[in-house]
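> Chains W and Y supply the protein sequences, listed in that same order.
To convert, note that position 23 of the first sequence is 23 in my numbering; the numbers rise steadily by one, no gaps.
To convert, note that position 104 of the second sequence is 104 in my numbering; the numbers rise steadily by one, no gaps.
Just so you know, these hints were derived from the structure itself, not from any lab.
Take these hints with a grain of salt, some might be off.
Unchecked claim - Cross-link-like lysine-lysine pairs, in silico, DSSO-like; alpha carbons within 30 Å at most:
#, chain 1, residue 1, chain 2, residue 2
1, W, Lys60, Y, Lys13
2, W, Lys77, W, Lys52
3, W, Lys77, W, Lys60
4, W, Lys111, W, Lys68
5, W, Lys52, Y, Lys26
6, W, Lys56, W, Lys77
7, Y, Lys13, Y, Lys26
8, W, Lys77, W, Lys49
9, W, Lys68, W, Lys49
10, Y, Lys13, W, Lys56
11, W, Lys56, W, Lys68
12, Y, Lys26, W, Lys49
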Amino acid sequence: GNSVTQMEGPVTLSEEAFLTINCTYTATGYPSLFWYVQYPGEGLQLLLKATKADDKGSNKGFEATYRKETTSFHLEKGSVQVSDSAVYFCAAANNAGNMLTFGGGTRLMVKP
Amino acid sequence: DAGVTQSPTHLIKTRGQQVTLRCSPKSGHDTVSWYQQALGQGPQFIFQYYEEEERQRGNFPDRFSGHQFPNYSSELNVNALLLGDSALYLCASSLGQGDYEQYFGPGTRLTVT
Numbered sequence: 001g002n003s004v005t006q007m008e009g010p011v012t013l014s015e016e017a018f019l020t021i022n023c024t025y026t027a028t029g030y031p032s033l034f035w036y037v038q039y040p041g042e043g044l045q046l047l048l049k050a051t052k053a054d055d056k057g058s059n060k061g062f063e064a065t066y067r068k069e070t071t072s073f074h075l076e077k078g079s080v081q082v083s084d085s086a087v088y089f090c091a092a093a094n095n096a097g098n099m100l101t102f103g104g105g106t107r108l109m110v111k112p
Numbered sequence: 001d002a003g004v005t006q007s008p009t010h011l012i013k014t015r016g017q018q019v020t021l022r023c024s025p026k027s028g029h030d031t032v033s034w035y036q037q038a039l040g041q042g043p044q045f046i047f048q049y050y051e052e053e054e055r056q057r058g059n060f061p062d063r064f065s066g067h068q069f070p071n072y073s074s075e076l077n078v079n080a081l082l083l084g085d086s087a088l089y090l091c092a093s094s095l096g097q098g099d100y101e102q103y104f105g106p107g108t109r110l111t112v113t
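Given the sequences, and given the hints that come with them, work out the whole structure.
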């Protein structure tokens, strides 16, 4: 099956700093890739996705590019805000598209 | 547009007991998946229901079972609870069995003492 590895947190940044959260995957074939965000006390929200190599997913200033050469899907944002403080999860879908495998999550803390 | 709803919000059970968690999918969705999220970890896939049948199952023992009703809502049942079953249980809904976009509910926090 698939496996997803993401950098451990917490990641602590000052407001307006540049964000990178690394994510790599192991899979048979080319799975669809996702970033989800979880705010305190809430469920997961889909942040962005990419379904094939070289696709770039983007939403709310966040971006991630599907790199099959490095089997990576790193999350980036040019200028973080305090409201971006949350836990971010990278995930890969199986070939049937009906099962998500998640990484362990990376907690982001943004200070004013 | 109603999102995914789950009940109850919190639950405390004793080891060896049985528990039932409930999920109503997002309006228009017909597929429900269940995930277990232990504290500080990523969610792990338990199983998925489509057309009232279990279509895919993760690496969970038979103590974990489920059901989907004709209105697409779903239940997760866990028998013979263990302390290690304490977790946040997340329900996700999607449209169609192979749809990649899963919408998650707020979860049910289960504590086993």
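> Take the hints in turn and mark each one as holding or not.
Going down the list of hints, with the structure as the test:
Annotation: proposed proximity of W:Lys60 to Y:Lys13 is violated, straight-line Cα distance about 40 Å (limit 30 Å). Restraint check: the Cα-Cα separation between W:Lys77 and W:Lys52 comes to about 21 Å, which is no more than 30 Å; the hinted pair holds. With a C-alpha separation of about 9 Å, the suggested pairing of W:Lys77 with W:Lys60 holds against the 30 Å cut-off. Taking the CA atoms of W:Lys111 and W:Lys68, the gap is near 34 Å; set against the 30 Å cutoff, the hint is violated.
At roughly 27 Å between alpha-carbon atoms, W:Lys52 and Y:Lys26 fall within 30 Å of each other, so this suggested pair holds. With a C-alpha separation of about 13 Å, the suggested pairing of W:Lys56 with W:Lys77 holds against the 30 Å cut-off. As the CA atoms of Y:Lys13 and Y:Lys26 are separated by approximately 28 Å, the hinted pair is consistent with the 30 Å bound. For the hint linking W:Lys77 to W:Lys49, the alpha-carbon distance of about 15 Å falls within 30 Å, and the restraint holds.
A hinted pair counts as satisfied when its Cα atoms are at most 30 Å apart, and W:Lys68 with W:Lys49 qualifies at roughly 15 Å. Taking the CA atoms of Y:Lys13 and W:Lys56, the gap is near 44 Å; set against the 30 Å cutoff, the hint is violated. A distance of roughly 12 Å separates the Cα atoms of W:Lys56 and W:Lys68; the hinted pair therefore holds under the 30 Å criterion. Restraint check for Y:Lys26 and W:Lys49: satisfied, since their Cα atoms lie roughly 20 Å apart, inside the 30 Å limit.
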